[in-house]
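As they're listed, the protein sequences go chains H and B.
Per my numbering, residue 3 is the first one in the first sequence, and the count goes up by one each step.
Per my numbering, residue 3 is the first one in the second sequence, and the count goes up by one each step.
I should point out that these hints are in silico values taken from the structure, not numbers from a laboratory.
Be a bit skeptical, because a hint or two may be false.
Under 8 Å between C-beta atoms, here's a sample of chain B residues computed to sit facing chain H [stated by the list, open to error]:
hint: 1; residue: Leu-460
hint: 2; residue: His-469
hint: 3; residue: Pro-497
Glycine included, each C-beta is placed from N, C-alpha and C at the ideal position.
2 protein chains.
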Amino acid sequence: MTVGVPGDELVFLPLGGAGEIGMNFNAYGYGPPDKRQWIIVDCGVLFGREGNQPGVDVLMPDIRALTENREEVLGIIATHAHEDHIGAIAHLWPMLRCSVYATAFTARLITGKLEEAGLSAKVRVTVVPVGGSLTLGPFTLDFISITHSILEPNLLAIGTPLGVVAHTGDWKIDPDPLLGEETDAAALEKLGNDGVLALVCDSTNALVSGTSGSESTVRESLADLIGTLKGRVAVTGFASNIARLDSIAHAARMHGRKIALVGRSMQKMVQAARECGYLKDFPPVLDEIEAMELPPRKVLFLCTGSQGEPRAAMARIADDSHPNVHLAEGDTVIFSSRVIPGNELAIFDLQNQLAARGIELVTAEDHFVHVSGHPCRDELAQMYRWIRPRVAIPVHGEVRHQVAHARLAREMQVPQTLIPQNGHLFRLAPGRPQLIDEVPSGRIHLDGRVLVAEGEGLARSRRAMGHAGLLVVSLVLDGKGRVAALPTVLAEGMPQPVAEAVERAVTEAARGGGRRNDPAELAESVRRAARRAAHDAWGKKPVTRVLVTEV
Amino acid sequence: MTVGVPGDELVFLPLGGAGEIGMNFNAYGYGPPDKRQWIIVDCGVLFGREGNQPGVDVLMPDIRALTENREEVLGIIATHAHEDHIGAIAHLWPMLRCSVYATAFTARLITGKLEEAGLSAKVRVTVVPVGGSLTLGPFTLDFISITHSILEPNLLAIGTPLGVVAHTGDWKIDPDPLLGEETDAAALEKLGNDGVLALVCDSTNALVSGTSGSESTVRESLADLIGTLKGRVAVTGFASNIARLDSIAHAARMHGRKIALVGRSMQKMVQAARECGYLKDFPPVLDEIEAMELPPRKVLFLCTGSQGEPRAAMARIADDSHPNVHLAEGDTVIFSSRVIPGNELAIFDLQNQLAARGIELVTAEDHFVHVSGHPCRDELAQMYRWIRPRVAIPVHGEVRHQVAHARLAREMQVPQTLIPQNGHLFRLAPGRPQLIDEVPSGRIHLDGRVLVAEGEGLARSRRAMGHAGLLVVSLVLDGKGRVAALPTVLAEGMPQPVAEAVERAVTEAARGGGRRNDPAELAESVRRAARRAAHDAWGKKPVTRVLVTEV
């Protein structure tokens, strides 16, 4: 291992994905503390929870800690093309204004997103060959092929004068991934033999024993299953799992069914894969209307919406509002996917709609139609056998996953483990790796079309309205601060008897307060009276606002 | 089988629980169509989904179809004491005003709820002996002991002159339920031999193969597990599962730990069980403060809050805000419970808080610490072998469960299956059972302390505010309908740039509209301008209200 210039440090700063599954954003810095150069590994989104952040579909990391030093960011490197690794690039790039690096398939999807955002002319996306390398300032980046549930996943070996960090991205050990490269075990073993300072690694399945299984066994199982079905078949799953789409198309062809792609991202993903040289023997794709004209036993639909997303293909098929695709009694829907936590009720609603219409359901609960794309415990152990890092840094997981992962790393004889949170700044070298600072971090909400810092509290304020409504009193005062008209009350989202109780209380308070001279004081006494009346009548305290107009 | 008076009919009307797990409410009617007498079997609540009905903790059935004929309701019979079977009695009784019948433990908990509601003096709760019978008008009710995850679960054999209905309530076949009666297989077999018209049966686990397992095996597993633990142990689970509480207390004693009950419903349930003669050898219970004074290896806490309920004991222990109970690194929390769908994220948040503090987690995912209380497919098959009904009516399940259950019943040679929805009125006899009517049904929300019909749309309106905020414009007009002051805008829950865009648009619209004479027309044009400006700036359309005050 070489040693850098005295004063130089290698640091690691996760701003997303440390403590959550999603929103991955990792920064590595090199140089003296006052003049670090940074690279960013992955820049993804997290999907909002309706209960927690109502009205926010997408969240991304607050990266102000880096953008305050924008000129020192050398590039964004994407390990693979999942939304939680690339979805924030188009949103955050204007704050970073650096080049983007990825292998061809990932680059193709990033470019598509930049086009939609009107940024494709501004952002330089550089394609790195599969198995290729890249140098950015003091960093050398070797892309090592691994396997996952998408094409072209990469482990990055990040070399610096002070040592090498292995950053896994998302991975599993699929002995037969069907499409794309296999796990480059030789390169991983060599990396370990050459000495790795830190392994920054996927924790998603750190609580799951055994191995995640292979796409090839799902292919066999799907082919057997589809061979037993009689009516129309619709399969829903993650559009980005190109090997799975290929398996389903393969099973369809085997049993004399033609396929149609339903939903925009199905079309987009298949097209991107083809443009990058994959899916060369994918069968011809019918359009939805042609497909519906075939006898039911001759067709299979590949559909988006396996997570119950309300506007996706499957939701519209389930309530029979899809313009072209209609299923009926005796047809079958296969959920070739897992239930992402938080989506349970939406997915069950979808399945209940289908069941009520006599459509057969097949899910991963009752048939072998899905494997996870993340490493279970035996696979994690194998990675530690290959890499043998000095320190294990579990990311891409909630705390419970990170803790289990760190324990496993210790069992694998890793001398040190660090469990990072977003905003933790670790010095990895020189010296024993340690936490040296905490920088501002948090989440940015894509709220409608506007980026809003979580700390501004908009979603929280709306959540409070969702719970107890909004009480608004309009108070009109004359030039002398006297009440000039009967106050108007709006009790939005509140039961009628509560609204009536509030009106009485407000009228009373405004009358009693008519002799005061201070409009702010009057408004406050009206606000309190309104809120108290609501609470007495209802048991809940609504957000209460008084609008004062002076005439 | 006897035959009733010509013109008499036996009908079944579910108003809750047909299409959902929860809110069980089943009515059976007997007599001529214009003069039926009714009994109600179970009267439970459903817990609200934060995303769907924000601000609504509890839902119950809309029973107006019955209350319009209140004088003909002969009684409410509770099969067992779970909230989704008895939780609505205190809320709905004032509309029904009839007697309540249940075995002692169930009656004890119903009485407690009526006391809290100030109704105990008004409502007559009659205790039926375990294995006892009851006659209400044309109905004879035989209580047949079964097993479930609570004390004293009963299958009701409902006899009428036109035939017998077997109504299971919630059940499983636990060969060793530890406390209370075993499944009265002889009575069930005799019932089947005597001839059963309809089996109205629990569908919860109709998608799960095999059997649900026994409390006795969980007892062994918990005892082994607790023997391996070193620090303080807290076990969280359903307080109503008295056999489980007894198992945990048993395991604690075996390994030299004293127990404390943390959370109100733990105290309440243990007390109710003792008053009814159960838990005679339950160990002495320490209070929380005494328990904390013991060495960590000498104590075990039984805690409420396994579903992540924010105000329950476990949530307060997890964020260390509990007044008395404090856990630390090396202590262990066992979740001896399942994850009720919809609670995943709340439970994971809790587990992450504990993991972050170095507290060990044990869940049903990684250890055998829980069994379901509902019949899996092999148990359902056994019930059909015992009862051999003419018609199977799956209730207590979502549609997907009901459909799977009906299919299983057909495989078990049941000649007819009917899948009910709430509000479906079925004639069970005379003649072939069939749907004869649909009556008004739906849900009532307990919104704060006020009962609100779901159809009134309050929760929906609040959900809309949660999504896109509320825009309020206060418009002050003079006696001639002219704008008398600059309008005031409240853009609650909206980003600042959106609020500014709306203010500009409103000022413009009010100015332009100042020459109009019709205040309603002016308000509407201001409302539209405000909403359009918000949509243009934000991409979301907020609920928009204009308050007009005339001075």
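Hint check:
| no. | hint | verdict |
| --- | --- | --- |
| 1 | Leu-460 | holds (6 Å) |
| 2 | His-469 | holds (4 Å) |
| 3 | Pro-497 | holds (5 Å) |
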